[in-house]
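Chain order of the listed sequences is L and C. Counting in our numbering, the first sequence runs from 23 upward without gaps. Counting in our numbering, the second sequence runs from 23 upward without gaps.
Hints listed in this document are in silico derivations from the structure and should not be mistaken for laboratory results. Computed from a predicted structure; not experimentally measured. Please note that a few of the clues may not be correct.
Where chains are identical, the list cannot tell them apart; a pair therefore holds if satisfied intra-copy or between any two copies.
Cut-off 20 Å, straight-line C-alpha distance, at most; resulting in silico cross-link-like pairs (SDA-like, lysine to any residue) [claimed, not checked]:
id, residue 1, residue 2
1, K257, E149
2, K180, G232
3, K180, A224
4, K180, R225
5, K180, S228
6, K257, A107
There are 2 protein chains.
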Amino acid sequence: MAHPTVGWIGLGIMGKPMARNALRAGFPVVVWNRSRAPVAELVAEGALEAATPREVAERSDVVVTIVTDSPEVEQVVLGEDGVAAGIRPGAVYVDMSTIAPGAERRIAAEIVGRGGRALDAPVSGGEQGAIAGTLSIMVGGDQATFDELGPLFSVLGKNVVRIGESGAGQIAKACNQIVVALTIEAVAEALALAEACGVDPARVRSALLGGFAQSRILDVHGERMIARNFVPGFKSSLHRKDMRIVDATAREASLDLPGARLLLERFDQLCDRGDGELDHSALRTLIDKEG
Amino acid sequence: MAHPTVGWIGLGIMGKPMARNALRAGFPVVVWNRSRAPVAELVAEGALEAATPREVAERSDVVVTIVTDSPEVEQVVLGEDGVAAGIRPGAVYVDMSTIAPGAERRIAAEIVGRGGRALDAPVSGGEQGAIAGTLSIMVGGDQATFDELGPLFSVLGKNVVRIGESGAGQIAKACNQIVVALTIEAVAEALALAEACGVDPARVRSALLGGFAQSRILDVHGERMIARNFVPGFKSSLHRKDMRIVDATAREASLDLPGARLLLERFDQLCDRGDGELDHSALRTLIDKEG
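Generate coordinates for the entire structure from the input sequences, incorporating the hints supplied.
Now the structure itself:
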């Protein structure tokens with residue numbers, strides 16, 4: 023069976039390597055991006071270029087967006103010359119951005135209203151996962167559409183789970199960001215305590231990795247913190263954005279999540295002092311003693 | 023080379039299976055415990071019984087204590103008929119309890135003053151780890167004594183790390199308890215949000231296990247939370263005790279650890295409402311909506 027043509031909107035730190043993986047796997051890829059440089063790069067590798075998101079949709083069987091936040095998704099999908107204006111009957115719109123579950127459901131309904139189908143499929147695993155094609159993909163939408171997209175998802179990620187109906191992928195992503203944020207804080211506080219008590223944090227990390235405290239974050243971000251390497255990775259400003267989504271989603275569900283609230287405050291602190299461009303493991307730097 | 027005789031003080035949920043593993047590996051074991059039942063059990067399996075902690079020390083090359091908290095350790099070591107009164111010249115006292123690093127250093131100094139040697143070697147891995155001999159053991163004390171105890175530690179645990187000098191094992195354990203507490207809260211809040219939004223928490227757990235949110239706690243305690251199985255495991259009242267140690271240790275080091283402070287409050291809430299006997303994963307129950 024021939025590969026469906028994949029439209030790709032958003033060629034940032036995540037989107038570009040993902041689109042490249044689709045291209046290398048043999049999918050025809052039609053790209054659009056706000057800035058021009060990554061478009062030229064992918065066109066040189068065989069991608070086709072479209073002039074607008076609408077044109078991407080007009081030429082594609084599947085349209086992926088992976089941009090920063092709800093307003094950007096709304097702009098490229100519902101705005102002038104947006105995806106919704108060009109979506110083909112039966113084509114699948116897949117949002118791989120991380121946005122609020124409620125906004126996602128509204129956008130999906132709009133696509134369905136125009137004869138398309140929609141999935142939300144946010145990812146976890148960072149730039150490295152995007153490059154290696156080992157992302158976790160959390161999917162909301164109906165089972166048949168999910169199954170149909172299996173070949174594309176399997177090129178982009180390793181752990182692809184359908185969570186539930188439309189919006190459920192975004193809810194899972196919000197859950198993911200809670201766990202990641204709090205675990206980074208946990209590792210940061212532990213390593214800060216070790217250092218402040220004159221104990222080698224590398225030995226503490228090593229000991230903790232063998233027990234109940236084990237996590238991928240203790241492994242990867244623990245090492246970053248010890249090396250003081252805060253080159254992203256995943257920017258603190260983006261994790262702040264995600265914690266705002268968590269906060270809003272929890273409020274709508276009448277839930278009080280004190281840990282998530284604390285981590286929104288921590289990211290606010292970090293970003294407000296000008297460190298939003300640093301990797302989210304830079305939460306560690308909030309604990310250093312003054313002076 | 024003959025196995026050294028191991029004195030064992032404390033036959034609780036952790037101590038009993040650990041002493042049994044030493045016995046089965048061929049170490050002569052001399053036991054004492056506040057309550058009589060586990061003593062009889064181990065004596066039936068070949069252990070010898072002593073009338074007091076002092077007598078344990080008088081008959082042993084290595085003396086292990088694993089009891090609840092600093093006052094208990096001080097009682098069995100420094101109290102009347104305690105370990106310190108009976109320690110042999112050159113014998114090694116090993117405290118595997120979780121207590122404050124400062125208290126540990128004072129107790130170790132007392133033992134050294136009486137001609138003995140001392141290690142602190144708190145553990146992580148729970149009852150299952152104690153039974154299976156797969157505990158993490160975090161050791162403080164000098165390298166030569168640590169090396170000498172290698173054969174015993176290897177029977178009790180899998181990941182045995184010397185962290186540093188006296189007290190360093192307890193500092194690593196405090197770090198461990200920060201990470202475990204905050205990660206449990208992270209998983210609890212994430213699964214609570216999923217449920218409140220009408221999404222299957224089991225699918226969310228499964229998706230998150232494949233990405234950056236992966237942790238042993240998401241795996242083990244996530245499953246407990248979904249099944250609402252809060253049979254300990256590790257009691258909330260003990261984790262509260264450990265978070266108090268963390269709090270005091272952070273204060274002494276002039277560190278502000280907001281996550282650790284939050285988790286002390288959470289465990290206080292849980293215990294004060296009468297749920298201190300539940301597994302620490304019962305933090306999940308604090309997030310349920312009222313009514």
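So, going through the hints one by one against the coordinates:
| no. | hint | verdict |
| --- | --- | --- |
| 1 | K257 to E149 | within (11 Å within a copy, 39 Å between copies) |
| 2 | K180 to G232 | between (25 Å within a copy, 8 Å between copies) |
| 3 | K180 to A224 | between (30 Å within a copy, 18 Å between copies) |
| 4 | K180 to R225 | between (31 Å within a copy, 15 Å between copies) |
| 5 | K180 to S228 | between (27 Å within a copy, 13 Å between copies) |
| 6 | K257 to A107 | neither (32 Å within a copy, 58 Å between copies) |
Hint compliance for this structure: hint 6 is the single one not met.
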